[in-house]
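Participant: For the sequence shown, my numbering begins at 42 and goes up steadily by one.
Because the hints were derived from the structure by calculation, they are not lab data.
As the structure is a computational prediction, the values presented were derived from the model and not from experiment.
Positions of the beta carbon are idealized from the N, C-alpha and C atoms, including for glycine.
Check the hints yourself; a few may be wrong.
What the hints assert, rightly or not - Simulated restraints, written as ranges between beta carbons of each label pair:
1) GLY138 to GLN96: 32 to 40 Å
2) GLU104 to SER152: 34 to 42 Å
3) HIS92 to GLY155: 31 to 39 Å
4) MET70 to MET118: 17 to 25 Å
5) ARG60 to PRO151: 35 to 43 Å
6) THR87 to LYS112: 17 to 25 Å
7) MET149 to HIS92: 31 to 39 Å
8) VAL153 to THR87: 35 to 43 Å
9) ARG122 to GLY89: 23 to 31 Å
10) ALA61 to MET149: 32 to 40 Å
11) PRO111 to LEU47: 35 to 43 Å
12) SER152 to THR64: 16 to 24 Å
13) PRO151 to GLU104: 33 to 41 Å
14) LEU56 to GLU119: 12 to 20 Å
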Amino acid sequence: MGDPALSISIVIPTLNAGRAFGTILHRIMGQGQAPLEIVCADLGSTDGTRHIVSQFPLARFVEIAEPPGPKSWNGAMEVARGDVVVFLAQDAVPGNGDWLTHLTAPFMDPSVGGVYGRQEASLESDPLSGFRLGQRFCREAHWPGLGATGGAG
């Protein structure tokens with residue numbers, strides 16, 4: 042499965058993630074393969090997101106000045122220290138205890154430059170967020186010509 046020699050940064054763009062975000066962080070910490078860090082790339086939260094993040098030793102709160110989207114993701118990647126960077130939506134729950142191992146296992150092959158895994162919304166998340174995650178996966182799961190070999194948990 043995943044290469045334990047690879048360090049993994051999990052980047053989660055956040056904006057008023059809410060109390061349920063603690064559940065997401067707990068699920069990440071319960072993975073068989075622990076990440077090097079969890080970078081919470083915050084886009085201006087005014088709720089308790091910063092406090093929730095402070096409760097997890099591997100998590101750090103980083104303020105990103107860019108608007109939501111690719112520029113803010115690039116800003117988050119610049120501060121990530123891992124060999125592999127995994128992006129996760131703030132209300133997406135890891136599917137099982139081996140999610141991170143399955144997602145990063147393809148990197149044992151040096152010809153692999155990126156992988157994609159389905160993200161499912163937490164039951165505690167906003168229903169609209171869950172709908173958007175589902176719609177995004179349905180569109181992206183059928184990208185032609187990318188040489189995809191299957192899902193990662």
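Participant: Indicate, hint by hint, whether the structure satisfies it.
Facilitator: We went through each hint and held it up to the structure:
A hinted range of 32 to 40 Å is violated for the C-beta pair GLY138 and GLN96, which are about 21 Å apart. Our hint of 34 to 42 Å for GLU104 and SER152 holds, since their Cβ atoms are close to 36 Å apart. Remark: the range hint 31 to 39 Å for HIS92 to GLY155 is upheld by a beta-carbon distance near 33 Å. Evaluation of the 17 to 25 Å hint for MET70 and MET118 yields a pass: the beta carbon distance comes to about 22 Å.
Here the CB-CB span from ARG60 to PRO151 is close to 42 Å, well matched to the stated 35 to 43 Å. Look at THR87 against LYS112: about 21 Å separates their beta carbons, and that is inside 17 to 25 Å. Between MET149 and HIS92 the beta carbon distance is about 38 Å. The supplied range of 31 to 39 Å therefore holds. With their beta carbons about 39 Å apart, VAL153 and THR87 fall inside the hinted range of 35 to 43 Å.
Separation of ARG122 from GLY89 is about 26 Å and conforms to the stated range, judged on CB atoms against 23 to 31 Å. For the hinted restraint 32 to 40 Å between ALA61 and MET149, the CB-CB distance of approximately 33 Å keeps it satisfied. Checked against the hint of 35 to 43 Å, the C-beta distance between PRO111 and LEU47 comes to roughly 24 Å, which is inconsistent with it. Between SER152 and THR64 the beta carbon distance is about 36 Å. The supplied range of 16 to 24 Å is therefore violated.
Between PRO151 and GLU104 the CB atoms are about 35 Å apart, so this pair conforms to the stated range of 33 to 41 Å. Taking 12 to 20 Å as the suggested C-beta distance range, the pair LEU56 and GLU119 conforms, at roughly 19 Å.
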